[in-house]
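Engineer: Sequence:
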Amino acid sequence: MNNTKWPVDYDEIIQRVQDVHPVLYAKTRNFIDGKVSRLSPYISRGVISLPLVLRTVLQKYKRHDAEKFIQELAWREYWQRTWEDKSDAIFSDLKKPQDDVGHFQVPLAILEGRTGITVIDKEIRNLAETGYIHNHIRMYIASITCNIGKAHWWQPAKWMYYHLLDGDLASNSLSWQWVAGANSSKKYYCNQDNVNHYTKTMQAGSFLYHTYDELPGLPVPEVLRDHGLPLLQVSLPESTLTESDAQKIFVYNSYNLDPMWRRDEKGLRVLLMEPSHFNEFPVSQVVMQFILDLSRMVPGIQVFCGSYQELKTMYPNAICYFKKHPLTKHYTGFADDPGYLFPGVTGYYPSFMAYWKQCEKQLKKLS
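Counting in numbering that gives the first Met the number 0, the sequence shown runs from 0 upward without gaps.
Keep in mind the hints are simulated off the structure, nothing from the lab.
Don't be surprised by glycine CBs; every beta carbon is placed ideally from N, CA and C.
Keeping only pairs whose Cα atoms sit at most 27 Å apart, straight-line, the calculated DSS-like set for lysine-lysine is:
hint, residue 1, residue 2
1, 149, 95
2, 186, 121
3, 85, 95
4, 311, 247
5, 185, 356
6, 356, 67
7, 149, 94
Pair ranges (Cβ atoms, derived):
hint, residue 1, residue 2, range
8, 241, 115, 49 to 55 Å
9, 217, 239, 52 to 58 Å
10, 231, 328, 21 to 27 Å
11, 10, 357, 34 to 40 Å
12, 221, 332, 52 to 58 Å
Please model the entire structure based on the sequences and the hints provided.
Structural biologist: Structure representation (structure tokens):
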């Protein structure tokens, strides 16, 4: 993996935060070569917080100039709040059953990057190699898979999550549902003209080479008819945890890799890799290595592959500290706030705009 593109040095990551240009972001974000922040892997993995990003941006830009970028940060928190409220319900059709489902697998052409849409196939192959794919391309893939190929969204979403450096179960699952119409009022379609415009390509004659009115009524293209389940193997690292008489344990995981968290306190720092979690939500070796590389920013951190309860049993007298997250509900000890953009806006909102209206009230106080 190219660590120049995805640095694992904290100072370089903070520099990336400082380099955010929200005005250019708003103008170009939908283009494949647009001025996006490239912060999503670090936000998803808990290296940096949403409030840190917001504070940094507002030091340089006025709120109205940064509003589109701030909204994108809010989308991530919106998905997290939905997960907190709905729990495992986000892993099934949330608002309504996805309609016109032909199967519950993944088109082989998607898995193998041979849909015939040149830029899509290139980006699918690049995803497997690098762990990154532009958000607009993610939507295109989801639309082709679910709305053109008639696949239920869950297995394809799980496949994409497997490869993403910025894998966020809430954002990924709920976004796929949004495209497929299970978490939105209608399905999202893309056609070849739209793909060409935002990827700066000039392809014609593909199965997407139709008007938006035509696409919903077309039969499944031949290239998308064969389907199967992806082989999502996961390889956990070896445990490096040694015996200790530590009275405090600071528990990190793949969603909390913040090297600044309680850094001046003495205690045992453990990267907890629970097999049960990774068996349910596997990640690729590229993603696993990225997680481990990020964890090394935490001085003295040790890896433990086992359950939280097993860790507690090893250190029965130690006090455990961790950050709140929907995946840490079974942890016991002291739970620190993860850092919310809008701590006063909680619970489930059926639409982002309903959520955003409440967020704006808090945002005005910061400006």
